[in-house]
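Keeping their order, the protein sequence lines are chains A and B. Quick note, the first sequence lines up with residues 1 to 428 if you use the working numbering. Quick note, the second sequence lines up with residues 1 to 300 if you use the working numbering.
These are computed hints drawn from the structure, not numbers from a lab. C-beta atoms are modelled at their ideal positions from N, C-alpha and C, and glycine is treated no differently. All the pointers check out, no bait thrown in.
Chain A stretches covered by chain B per the calculated footprint, using a threshold of three residues with CB under 8 angstroms from any CB of chain B: (1) 191–203; (2) 250–260; (3) 397–405.
The following residues of chain A were derived to be distant from chain B, with all beta-carbon distances above 12 angstroms: (4) Gly132; (5) Lys161; (6) Gly292.
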Amino acid sequence: MKKVFRLMLSSLLLFAMVTALSANGQQEPADSGPVVIEWWALSGGGGAQDPASEFKKQAVADYEASHPGVKINLTILENEAFKQKIQVAVQAGDPPDIFHSWGGGVMVEYARQGMLRDVTDFVNSTLSKKIGLGALGVYGYEGTYYGSPYDMGGVVFWYNKDIFDEVGVAVPKTWAELIETSKKIKAAGYVPIAMGAGDRWPAHFWWVYLAMRIGGIDAFNAAYGGNGSFKDETFVKAGELLLDLAAINPFQTGFLGASYDDQARLMGDGKAAMELMGQWAPSVETNNSASGEGVTNLGMFTFPAVKGGKGDLKDVMGGGNGYIFGKNAPDEALDFLNFYLSVDRQKELVDIEGAIPVVKGADAALSGNTAELAKAVGQAGYYQLYYDQFLPPAVGEVVKDAVAALLAGGATPEEAAAMIDDSWQMEK
Amino acid sequence: MISKRKAGATQNLIMFVLFIAPALILFSVFVVAPVFQGAFYSLFNWKGAGPLNRENFAGIENFTRLFADKYFKTALWNNMKVIIFSLIFQLPAAFIFALLIGRGKTRGSVLFRSLYFFPYILTEIIAGVIWKFIYNPQFGLMTQLASFFADTKREIALLADPSTAFNAIFVVLFWKYIGFHMILYIAGLQNVPTELEDAAVIDGANRLQVIRNVIIPSMKGVISISIFLSVTGAFNVFDVVWAMGQGGPVHSTETLVTYLYNFGYKRFAFGYGSAVAIVIFLLCLAFNFLYQKYIVGEEN
Chain A
1 MKKVFRLMLS SLLLFAMVTA LSANGQQEPA DSGPVVIEWW ALSGGGGAQD PASEFKKQAV
61 ADYEASHPGV KINLTILENE AFKQKIQVAV QAGDPPDIFH SWGGGVMVEY ARQGMLRDVT
121 DFVNSTLSKK IGLGALGVYG YEGTYYGSPY DMGGVVFWYN KDIFDEVGVA VPKTWAELIE
181 TSKKIKAAGY VPIAMGAGDR WPAHFWWVYL AMRIGGIDAF NAAYGGNGSF KDETFVKAGE
241 LLLDLAAINP FQTGFLGASY DDQARLMGDG KAAMELMGQW APSVETNNSA SGEGVTNLGM
301 FTFPAVKGGK GDLKDVMGGG NGYIFGKNAP DEALDFLNFY LSVDRQKELV DIEGAIPVVK
361 GADAALSGNT AELAKAVGQA GYYQLYYDQF LPPAVGEVVK DAVAALLAGG ATPEEAAAMI
421 DDSWQMEK
Chain B
1 MISKRKAGAT QNLIMFVLFI APALILFSVF VVAPVFQGAF YSLFNWKGAG PLNRENFAGI
61 ENFTRLFADK YFKTALWNNM KVIIFSLIFQ LPAAFIFALL IGRGKTRGSV LFRSLYFFPY
121 ILTEIIAGVI WKFIYNPQFG LMTQLASFFA DTKREIALLA DPSTAFNAIF VVLFWKYIGF
181 HMILYIAGLQ NVPTELEDAA VIDGANRLQV IRNVIIPSMK GVISISIFLS VTGAFNVFDV
241 VWAMGQGGPV HSTETLVTYL YNFGYKRFAF GYGSAVAIVI FLLCLAFNFL YQKYIVGEEN
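From just these sequences and the hints, can you work out the full model?
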């Protein structure tokens with residue numbers, strides 16, 4: 001009997017332990033301890049000495065020094081790793097207090113699930129005084145704000161001027177010229193266009209931009225608003241034109257399996273002449289180059305015109321980088337973001353991440369390519385957030401899939417457009 | 001006497017319940033309950049949050065969509081390929097290695113054993129990243145070798161071509177897991193009595209006959225376990241594939257689990273994802289059941 005008693009006692013203990021453990025997980029933090037803020041940010045791709053990471057660590061140290069009651073846990077993640085990890089955290093109902101976001105459809109989906117904190121009052125009272133409403137709008141939906149951008153730029157062509165000079169080609173103004181230019185660069189032994197289609201999003205930029213140049217804002221609004229569809233002529237033609245370019249093999253061998261880092265490395269090492277990429281491209285090229293120097297003579301030009309296209313040449317596709325707040329974010333998290341978005345730090349970010357600052361007064365730090373890019377963004381009459389972030393996540397995935405399939409020869413332009421439209425009709 | 005025995009039986013029953021209870025509770029909470037939960041979710045068009053109600057009830061629509069999806073078929077076929085290739089190439093190769101270096105008679109057999117076993121110790125992700133470098137079309141080992149032999153720069157992009165990508169990944173799986181099966185066979189080989197082999201040799205059997213009629217039959221238990229682990233492992237291949245291309249290009253290297261991740265998780269389609277999970281679960285269960293019944297059961 002004694003043995004049985006012992007056994008019962010030990011299983012009781014085990015049970016108590018298990019319940020205690022699970023109860024522990026739900027315990028509220030004690031009032032006396034410091035306020036802890038979880039901050040998930042992206043790395044700049046610079047490895048152990050990544051300047052973008054060091055910069056954020058410094059900001060955390062500065063804030064903690066002046067706010068003794070606050071502790072900030074900074075987690076730095078690589079782009080793709082972040083996208084995966086944040087989903088796990090959000091689906092588990094435990095989003096970090098401040099985390100990276102590109103705004104748009106993915107953010108709206110998180111908000112619908114009740115995972116974000118509504119910071120409309122904070123945005124109206126504090127942030128709107130120093131950041132323009134256009135930029136803030138990317139982090140809002142139907143009048144409710146969930147965060148703030150720290151960088152708002154556009155996707156443009158970045159090109160190696162030395163290669164262009166050597167080959168003797170000028171900046172292409174039309175799609176046909178781009179194809180001709182690529183042919184000449186290829187004949188000279190360089191990769192005309194670096195492409196990381198394995199990550200899919202760098203490839204989807206091409207298709208979206210073509211659609212913008214062909215059909216303009218009207219085509220997108222028709223498809224998005226229900227008066228048209230993604231099967232419309234504009235979107236089919238975007239695929240056809242992209243295939244016209246792909247037909248001359250302008251990309252590096254194996255581009256279908258290449259990552260964005262591979263793309264940046266080819267540019268940074270001076271092996272490729274052009275890439276279509278956002279404002280961060282120069283700094284990522286530098287960080288991925290073997291020399292650590294990047295392209296010394298880098299230029300930019302905006303997406304070329306398409307013959308007969310209705311889109312305005314000033315229209316820009318792009319997006320921002322910013323932060324949104326998890327549902328349990330304390331007020332201190334809001335205060336910290338406001339602190340982080342100081343004019344001085346915004347100016348520094350221009351060099352560190354190639355950012356186009358959003359805080360008024362920080363654009364003084366822009367020069368050369370970034371100033372030109374900021375000007376292009378400022379002049380855009382129609383500013384389109386990247387489809388993969390703007391559209392609901394399921395549709396965004398299909399857009400990227402469709403463009404990759406198109407380039408791989410696995411789908412015709414009509415099929416690619418139909419894939420996207422099917423998914424859009426199901427989700428909208 | 002009788003009452004004493006009866007008391008003993010009761011005490012045994014109490015013991016039985018007490019001993020089994022913790023495991024049973026844990027198993028139910030962490031294995032059985034989630035299976036039913038997943039089965040329930042799979043009937044809804046659910047995005048991972050919000051209520052499950054009549055509005056988003058989808059019935060078996062998730063399953064019909066699943067079986068109509070061409071990428072799901074690719075994924076299923078890729079899993080089958082892993083199973084078939086493993087059974088045809090990997091396990092026999094592991095067996096041959098085990099015969100060659102299993103008994104410590106050959107010089108350097110310990111060294112070879114460590115070498116072949118080494119990839120198994122590596123984390124799947126690390127193995128995937130290493131091989132991604134080897135396959136890199138611009139500077140990878142494959143390109144270097146091809147350029148060396150062709151005398152001009154030849155860029156080999158196995159992972160970028162939907163028709164070769166999965167086979168390239170299978171090479172990694174082959175390399176990664178062959179050591180594990182080899183060690184299993186070596187352990188089994190050491191239990192085969194040498195007297196039996198000697199007797200067969202005296203009876204005039206040649207080496208092949210000894211292997212076929214003495215060694216393999218004596219190792220039946222180990223072989224069936226190895227096949228079992230290989231097949232169930234093949235159903236769950238994820239890490240290596242993920243590290244090498246996340247199921248791409250164009251979903252050509254998708255396996256059931258990467259498909260689940262790409263089409264369930266990434267798209268916030270948790271009802272659909274649950275349907276995929278249920279299919280994987282049923283496949284494993286069916287295989288397990290048949291295997292236990294016809295292969296393992298036969299031996300006992």
